[in-house]
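Student: Using the numbering used here, count along the sequence shown one by one with no gaps and you end on 473.
Nothing false has been slipped in among the hints.
The list that follows gives simulated cross-link-like pairs (lysine to any residue, SDA-like), each with its CA atoms no further than 20 Å apart:
1. 359 - 348
2. 402 - 438
3. 368 - 358
4. 378 - 388
5. 402 - 424
Taking CB as the label site, the calculated pair distances span:
6. 280 - 359: 39 to 49 Å
7. 253 - 187: 40 to 50 Å
8. 358 - 171: 38 to 48 Å
9. 318 - 187: 36 to 46 Å
10. 218 - 181: 10 to 20 Å
11. 181 - 280: 30 to 40 Å
FYI, nobody ran anything at the bench for these hints, they're computed from the structure.
The C-beta atom is built at its ideal place from N, Cα and C for all residues, glycine as well.
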Amino acid sequence: MTFAVLTAVTLGFRLQLRHQLLAQEAFNELSLQDARRAALSIALFALGTEALGVATLSLFLVPQLGWAEGAYQALFYTVSAFNNAGFSLSSDSLGGWAGQPGILLTVSALFMLGGLGYIVVMEVLQKRRWRAFSVYTRIILIATILINLLAFVLVFLLEMNNPETLGSLSTGDQLLAAWFQATTPRTAGFNTLDIGSLTMATSLLLMALMFIGGAPNSTASGIKLSTLAVLIATTRSFLKGNETVFILKRSITNDMVMKALATTAIGVLVIFAATFALSLFVKDDFLNLLFEVISAFGTVGLSRGTTEHLGPAGQGIIMLVMLIGRLGPLMLGYMLMVRKPSSVKYARVEFPVG
Numbered sequence: 120m121t122f123a124v125l126t127a128v129t130l131g132f133r134l135q136l137r138h139q140l141l142a143q144e145a146f147n148e149l150s151l152q153d154a155r156r157a158a159l160s161i162a163l164f165a166l167g168t169e170a171l172g173v174a175t176l177s178l179f180l181v182p183q184l185g186w187a188e189g190a191y192q193a194l195f196y197t198v199s200a201f202n203n204a205g206f207s208l209s210s211d212s213l214g215g216w217a218g219q220p221g222i223l224l225t226v227s228a229l230f231m232l233g234g235l236g237y238i239v240v241m242e243v244l245q246k247r248r249w250r251a252f253s254v255y256t257r258i259i260l261i262a263t264i265l266i267n268l269l270a271f272v273l274v275f276l277l278e279m280n281n282p283e284t285l286g287s288l289s290t291g292d293q294l295l296a297a298w299f300q301a302t303t304p305r306t307a308g309f310n311t312l313d314i315g316s317l318t319m320a321t322s323l324l325l326m327a328l329m330f331i332g333g334a335p336n337s338t339a340s341g342i343k344l345s346t347l348a349v350l351i352a353t354t355r356s357f358l359k360g361n362e363t364v365f366i367l368k369r370s371i372t373n374d375m376v377m378k379a380l381a382t383t384a385i386g387v388l389v390i391f392a393a394t395f396a397l398s399l400f401v402k403d404d405f406l407n408l409l410f411e412v413i414s415a416f417g418t419v420g421l422s423r424g425t426t427e428h429l430g431p432a433g434q435g436i437i438m439l440v441m442l443i444g445r446l447g448p449l450m451l452g453y454m455l456m457v458r459k460p461s462s463v464k465y466a467r468v469e470f471p472v473g
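Take the sequences, apply the hints, and build the full model.
Tutor: Written as structure tokens, this is what we have:
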């Protein structure tokens, strides 16, 4: 979307009203002019961060691979990590660097920055004080820290005795590999462990992380951290009997609640439909098929070995899911339906649910 807006502005194209609304929704801005300004700022932020990433990775890779190859791989993995692509030049992803914390922590920092998004990172750099941060930034930071720590502990505990994953590593390498594998599913999709050898419980955990994804206006996909926060707050408010939804002592509008519900509902429907369709063309375990679809929806790229057996029909399904995941569930809904609020008021009705 950033590239599309910048291209339209550079070439002087006049966007139709529907496209203007899509751009404003994508950048969470109130006007097209603000969306243009945000697109330019995001592009500059991305270039600056990637330049720093290339320089840092080069410090570790050039001594090992030489100037040409080291600089090339530093550039490749920086772009792949920051943009949450997860592409690797090796068949085992980053498994060959499993014991090199300098490389793995740099790559981890890059895809986490990409997953936080421009708005959060710039606000942290500019304001620097927790109380000065907006509610949105605090929600994203709290959710990121809590989910990463919880996932790290669970991956470590679930895999520490698995001889095919963490069990064969030293304690230090176990902690490093567990951290890396816990943080990458929501964003980039790199791996230092064999995904197909993970326990079923860990695989389910990774699917949940891939479905959640990162922050809005970031390089990550999924339903987004803020959506999860609104869903949790809505559930808590309902169970407590509150008519208003609160997050961090701030009330949430009904429009935000409906957006969160719609995003999650569309995401679940897409995953269900794609898994059903994939099961018609690909013969594999249900867990592997579901893992493949959720990974595509989150544009993560992790796989339990199903990708190479997809065939033309399966590849088409996965590509479609990746496209939907990258555009976002709400964006799909906006493109398929014309927003035209009804002016008719109907009588209220209540019936059993849940």
